[in-house]
Amino acid sequence: MAIADISDRRRYLAQGNVYLPHIAIIEKIIDETPGVRTFHFNFKDEKLREEFTFDSGQFGEYSVLGIGEAPFCISSSPTRRDHLEFTAQRVGRLTNALHRLSVGAEIGFRGPYGNSFPLDFLEGKNLVFVGGGIALAPLRSLIWNVIDNRDKYKNIDIIYGARSPADLCFKYDLDAWDKDKSVSMATTVDKGDESWTGREGFVPQVLEQVAPSPDNAVAIVCGPPIMIRFTFPVLGKLGFTPEQIITTLEKRMKCGIGKCGRCNIGNLYVCRDGPVFTYAQIKNFISSEY
Amino acid sequence: MANKKINKKNIAKLLGDWSKEFELFIPSKDEGIAKFAKWDGKDTSFLDWHRNTIVPPKAIFFPPVEEMFSFQKDKQSYHIELPSSDGQKQLIFGIRPYDANALTILDKTFKDTYEDPYYLPKRKNTVLVGLGCTKPYDSCFCTSLGGSPTDSANVDLMLTDIGDEFLVEGVTDKGRELMSMSSELEEATEADETRAKETKEATYQKVTRQLDTKDIEEKLLSSFEIQDLWEEIAAKCISCGICTLLCPTCYCFDINDELIKDRGTRFRSWDSCSFPVYTKMPMENPRIEKWRRVRNKVCHKYEFYPMNFDVIACTGCGRCVRQCPVNWDITQTLEKMQAKVQSG
Ligand SMILES: Cc1cc2nc3c(=O)[nH]c(=O)nc-3n(C[C@H](O)[C@H](O)[C@H](O)COP(=O)(O)OP(=O)(O)OC[C@H]3O[C@@H](n4cnc5c(N)ncnc54)[C@H](O)[C@@H]3O)c2cc1C
Ligand code: SF4
Ligand code: SF4
Ligand code: FES
Chain A
1 MAIADISDRR
11 RYLAQGNVYL
21 PHIAIIEKII
31 DETPGVRTFH
41 FNFKDEKLRE
51 EFTFDSGQFG
61 EYSVLGIGEA
71 PFCISSSPTR
81 RDHLEFTAQR
91 VGRLTNALHR
101 LSVGAEIGFR
111 GPYGNSFPLD
121 FLEGKNLVFV
131 GGGIALAPLR
141 SLIWNVIDNR
151 DKYKNIDIIY
161 GARSPADLCF
171 KYDLDAWDKD
181 KSVSMATTVD
191 KGDESWTGRE
201 GFVPQVLEQV
211 APSPDNAVAI
221 VCGPPIMIRF
231 TFPVLGKLGF
241 TPEQIITTLE
251 KRMKCGIGKC
261 GRCNIGNLYV
271 CRDGPVFTYA
281 QIKNFISSEY
Chain B
291 MANKKINKKN
301 IAKLLGDWSK
311 EFELFIPSKD
321 EGIAKFAKWD
331 GKDTSFLDWH
341 RNTIVPPKAI
351 FFPPVEEMFS
361 FQKDKQSYHI
371 ELPSSDGQKQ
381 LIFGIRPYDA
391 NALTILDKTF
401 KDTYEDPYYL
411 PKRKNTVLVG
421 LGCTKPYDSC
431 FCTSLGGSPT
441 DSANVDLMLT
451 DIGDEFLVEG
461 VTDKGRELMS
471 MSSELEEATE
481 ADETRAKETK
491 EATYQKVTRQ
501 LDTKDIEEKL
511 LSSFEIQDLW
521 EEIAAKCISC
531 GICTLLCPTC
541 YCFDINDELI
551 KDRGTRFRSW
561 DSCSFPVYTK
571 MPMENPRIEK
581 WRRVRNKVCH
591 KYEFYPMNFD
601 VIACTGCGRC
611 VRQCPVNWDI
621 TQTLEKMQAK
631 VQSG
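These protein sequence lines are chains A and B, in that order.
So in the working numbering, spot 151 of the first sequence is number 151, and the numbers just go up one at a time.
If you count the second sequence from 1, you need to add 290 to reach the working numbering.
Please note: incorrect hints may appear among the correct ones.
[As the list claims (entries may be wrong)] The calculated DSS-like cross-link candidates involving lysine-lysine, where the alpha carbons are at most 25 Å apart (straight line), are:
| hint | chain 1 | residue 1 | chain 2 | residue 2 |
| --- | --- | --- | --- | --- |
| 1 | A | K283 | B | K570 |
| 2 | B | K490 | B | K299 |
| 3 | B | K425 | A | K28 |
| 4 | B | K412 | B | K379 |
| 5 | A | K283 | B | K509 |
| 6 | B | K298 | A | K44 |
| 7 | B | K310 | B | K328 |
| 8 | B | K490 | B | K526 |
| 9 | B | K487 | B | K298 |
| 10 | B | K504 | A | K28 |
| 11 | A | K283 | A | K125 |
| 12 | A | K171 | A | K28 |
| 13 | A | K47 | B | K551 |
| 14 | B | K551 | B | K526 |
| 15 | B | K526 | A | K44 |
| 16 | A | K251 | B | K398 |
| 17 | B | K398 | B | K504 |
| 18 | B | K509 | B | K325 |
| 19 | A | K125 | A | K181 |
| 20 | A | K251 | B | K298 |
| 21 | B | K464 | B | K425 |
| 22 | B | K414 | B | K299 |
| 23 | B | K526 | B | K580 |
| 24 | B | K496 | B | K509 |
| 25 | B | K551 | A | K44 |
| 26 | B | K298 | B | K310 |
| 27 | B | K570 | B | K580 |
| 28 | B | K325 | B | K425 |
| 29 | B | K365 | B | K551 |
| 30 | B | K551 | B | K464 |
| 31 | A | K47 | B | K332 |
| 32 | B | K363 | B | K319 |
| 33 | A | K283 | B | K580 |
| 34 | B | K551 | A | K251 |
| 35 | A | K251 | B | K401 |
In case anyone wonders, no lab produced these hints; they're calculated from the structure.
If you're wondering where the values come from, they're calculated on a predicted model, not measured in any experiment.
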């Protein structure tokens with residue numbers, strides 16, 4: 001995966017300064033699960049609102065000024081541009097502050113950063129999406145992106161799971177994809193409750209049952225590290241080569257632009273050279289510290 | 291322009307001439323720790339040190355703590371303001387060759403992909419007047435990294451000690467311009483040139499520590515998975531971070547906000563890959579073990595940076611050796627690694 005071409009993105013810099021956030025306004029808040037919220041937002045600056053573009057898989061640095069900033073992927077699709085979305089799990093200082101905001105509040109945004117899913121490479125192929133928990137966020141941007149350009153792609157398989165029915169994110173999307181005849185959808189939970197009538201079982205097991213063919217196919221996998229670790233071998237068993245598996249990585253980040261140092265995997269910076277990688281690119285590191 | 295010279299007694303006058311145009315920084319022990327500080331108009335005591343500052347001059351361009359912007363919140367709205375910059379021209383007097391080299395290395399990171407709006411303007415506004423070393427430390431090894439104690443490659447103007455005087459060489463246009471700004475400089479004679487040449491050769495020989503950097507990238511790559519080697523290398527390190535904070539080529543930083551009532555600032559501050567929190571995430575920390583952090587530090591300098599920018603991110607200044615509280619030693623480390631890889 002190549003480093004993102006940012007030449008056309010420099011014009012988004014606020015006052016020419018890459019660290020300066022643009023002010024954006026929260027327009028809608030959706031409770032996904034008890035700890036996860038999706039925020040719809042738009043830039044305050046009208047010109048930027050119109051000009052701003054990004055690609056599925058890219059992320060931004062979001063600020064609550066006075067508290068700090070953190071990276072979240074843009075979870076909406078670039079094909080649907082009347083607003084932008086991100087989805088944040090409450091885990092610490094900044095995410096708690098975000099969850100305290102209400103509609104109309106101002107946040108800071110700088111980006112888009114990082115590379116993106118390789119649409120050219122995906123075109124004309126069968127796509128297998130494998131997602132777990134909140135990591136559906138980056139996949140979701142791509143899924144809507146390909147659905148909105150449905151002719152360009154062959155079969156679409158989505159395998160998505162969460163710990164429990166209450167932990168499933170984007171239920172409205174899951175319903176829509178379930179109903180969409182051009183998409184085949186398998187939703188699973190590790191453990192159901194009384195009202196759950198769907199599949200039970202871990203994502204890698206369900207993937208093995210669904211058994212998508214590797215012929216002319218690409219698997220796009222996003223999830224917690226434990227899910228990723230168990231999913232790669234299953235894909236291997238199904239016949240997917242490391243070049244046919246795409247994933248996004250997450251590291252602790254600050255600058256988002258390859259300067260502050262902390263997100264490195266060997267010589268690569270996840271913020272600058274990723275977050276989208278093929279399994280072929282990272283398989284040597286996965287075995288050791290990463 | 292031909293080379294010039296200046297009598298050491300007249301250095302204060304020379305600095306005085308330049309300080310009319312520039313904000314001038316010199317090596318100073320004013321606050322107890324040797325670092326570059328604003329010139330007070332008279333102090334030239336650093337000329338007798340023959341030694342280098344503990345805090346590298348990178349701090350002038352990339353301060354330990356630096357305001358990125360401030361903001362004010364009224365009602366729902368934020369107002370963001372950049373720190374004011376007067377674009378003041380700066381002059382660093384007495385920078386050592388390996389520290390000037392380190393700035394050339396740092397430039398690569400701060401220019402990469404997106405230009406850093408704090409470091410680069412200061413860099414552009416600053417002229418560097420180098421001062422050749424005369425008494426390298428035992429811990430110096432700049433000659434193993436393509437440098438020399440009197441190297442003029444990364445400065446605008448270069449001074450070489452020739453006894454009672456310094457030979458003054460204009461390296462860049464900016465440097466030659468400096469020469470024309472003071473009447474304290476005299477024409478250098480052939481004898482001065484010869485003395486300078488002799489000093490340079492003699493000082494080069496005084497750097498005794500050597501590091502074999504041949505194929506070092508490849509060797510580090512093959513050592514990467516040898517856990518017991520890295521555990522042994524990291525054993526005595528206490529993760530204090532000094533070797534990275536004081537390293538002239540290290541640039542890691544953290545970003546934080548400070549809020550007092552409705553006014554706040556966002557600032558960045560030096561950080562270090564030696565600290566466990568540096569990479570900490572909610573569920574996991576990829577470098578919780580100390581040997582992984584030490585391995586990252588060494589590999590970053592000698593393997594990853596060369597892969598990205600074609601240059602080793604170490605100038606052999608030896609600060610990490612001198613300042614480490616437990617005598618961790620980078621050249622010994624690399625030698626140990628090389629021996630291990632060679633023995634298979
Ligand atoms: C490219 C990228 C995309 C991301 N996309 C999303 C997303 O779409 N939705 C989402 O909910 N989260 C996402 N994350 C993770 C998110 O950035 C962190 O959860 C967030 O930074 C935590 O901030 P905090 O201030 O609330 O936590 P802190 O108070 O800083 O810390 C709480 C815990 O989170 C850890 N942490 C802090 N920063 C990060 C970080 N950048 N990455 C991982 N852990 C961190 C801390 O070490 C600590 O253990 C993404 C991360 C990256 C790198
Ligand atoms: S200065 Fe020494 S003890 Fe401190 S982090 Fe570096 S190697 Fe470890
Ligand atoms: S690694 Fe050590 S010797 Fe090399 S530049 Fe940094 S402080 Fe100096
Ligand atoms: S987040 Fe700073 S280098 Fe990647």
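For each hint, the structure was consulted:
For a cut-off of 25 Å, the pair hint linking K283 of chain A to K570 of chain B stands: about 22 Å separates their Cα positions. Taken as a hint, the K490 of chain B and K299 of chain B pair is honoured in the structure, with Cα atoms around 22 Å apart against an allowance of 25 Å. Among the hinted pairs, K425 of chain B with K28 of chain A is inconsistent with the structure: their alpha-carbon atoms are about 66 Å apart, more than 25 Å. With a C-alpha separation of about 8 Å, the suggested pairing of K412 of chain B with K379 of chain B holds against the 25 Å cut-off.
For the hint linking K283 of chain A to K509 of chain B, the alpha-carbon distance of about 20 Å falls within 25 Å, and the restraint holds. Annotation: proposed proximity of K298 of chain B to K44 of chain A is violated, straight-line Cα distance about 60 Å (limit 25 Å). Pair hint K310 of chain B plus K328 of chain B holds up; C-alpha atoms about 13 Å apart against a cutoff of 25 Å. Taking the CA atoms of K490 of chain B and K526 of chain B, the gap is about 37 Å. The hint is violated against a cut of 25 Å.
For a cut-off of 25 Å, the pair hint linking K487 of chain B to K298 of chain B stands: about 18 Å separates their Cα positions. Taking the CA atoms of K504 of chain B and K28 of chain A, the gap is about 58 Å. The hint is violated against a cut of 25 Å. Straight-line distance between C-alpha atoms of K283 of chain A and K125 of chain A comes to about 23 Å, which keeps the hinted pair within the 25 Å bound. Distance hint between K171 of chain A and K28 of chain A is fulfilled; the C-alpha atoms sit about 16 Å from each other, no more than 25 Å.
Simply put, K47 of chain A and K551 of chain B have alpha-carbon atoms about 32 Å apart, too far for the 25 Å limit, and the pair is violated. Taken as a hint, the K551 of chain B and K526 of chain B pair is broken in the structure, with Cα atoms around 44 Å apart against an allowance of 25 Å. Pair hint K526 of chain B plus K44 of chain A does not hold up; C-alpha atoms about 53 Å apart against a cutoff of 25 Å. The straight-line distance between the Cα atoms of K251 of chain A and K398 of chain B is roughly 23 Å, inside the 25 Å bound, and the hint therefore holds.
A distance of roughly 23 Å separates the Cα atoms of K398 of chain B and K504 of chain B; the hinted pair therefore holds under the 25 Å criterion. Pair hint K509 of chain B plus K325 of chain B does not hold up; C-alpha atoms about 35 Å apart against a cutoff of 25 Å. Our distance criterion of 25 Å between C-alpha atoms is met by K125 of chain A and K181 of chain A, whose separation comes to about 18 Å. For the given pair, K251 of chain A sits about 53 Å from K298 of chain B by alpha-carbon distance, which is inconsistent with the 25 Å threshold.
Between K464 of chain B and K425 of chain B, the direct Cα distance comes to roughly 28 Å. Violation of the 25 Å bound is thereby established for this hinted pair. Pair hint K414 of chain B plus K299 of chain B does not hold up; C-alpha atoms about 30 Å apart against a cutoff of 25 Å. With a C-alpha separation of about 10 Å, the suggested pairing of K526 of chain B with K580 of chain B holds against the 25 Å cut-off. Between K496 of chain B and K509 of chain B, the direct Cα distance comes to roughly 28 Å. Violation of the 25 Å bound is thereby established for this hinted pair.
The suggested pairing of K551 of chain B with K44 of chain A holds, with an alpha-carbon distance near 24 Å, which does not exceed 25 Å. Pair hint K298 of chain B plus K310 of chain B holds up; C-alpha atoms about 20 Å apart against a cutoff of 25 Å. Of the pairs offered as hints, the one joining K570 of chain B and K580 of chain B holds, with about 13 Å between alpha carbons and a cut-off of 25 Å not exceeded. For the hint pairing K325 of chain B with K425 of chain B, the CA-to-CA distance comes to about 18 Å; that is within 25 Å, so the pair holds.
Pair hint K365 of chain B plus K551 of chain B holds up; C-alpha atoms about 13 Å apart against a cutoff of 25 Å. For the proposed pair K551 of chain B and K464 of chain B, the alpha carbon gap of about 46 Å is over 25 Å, so the pair is violated. Note on K47 of chain A and K332 of chain B: the hinted pairing is violated, with a Cα-Cα distance of about 54 Å set against a maximum of 25 Å. A C-alpha spacing of about 41 Å is found between K363 of chain B and K319 of chain B, which places the hinted pair above 25 Å, so the restraint is violated.
Straight-line distance between C-alpha atoms of K283 of chain A and K580 of chain B comes to about 23 Å, which keeps the hinted pair within the 25 Å bound. Taking the CA atoms of K551 of chain B and K251 of chain A, the gap is near 32 Å; set against the 25 Å cutoff, the hint is violated. For the suggested pair K251 of chain A and K401 of chain B, the alpha carbons sit about 23 Å apart, so the restraint of at most 25 Å is met.
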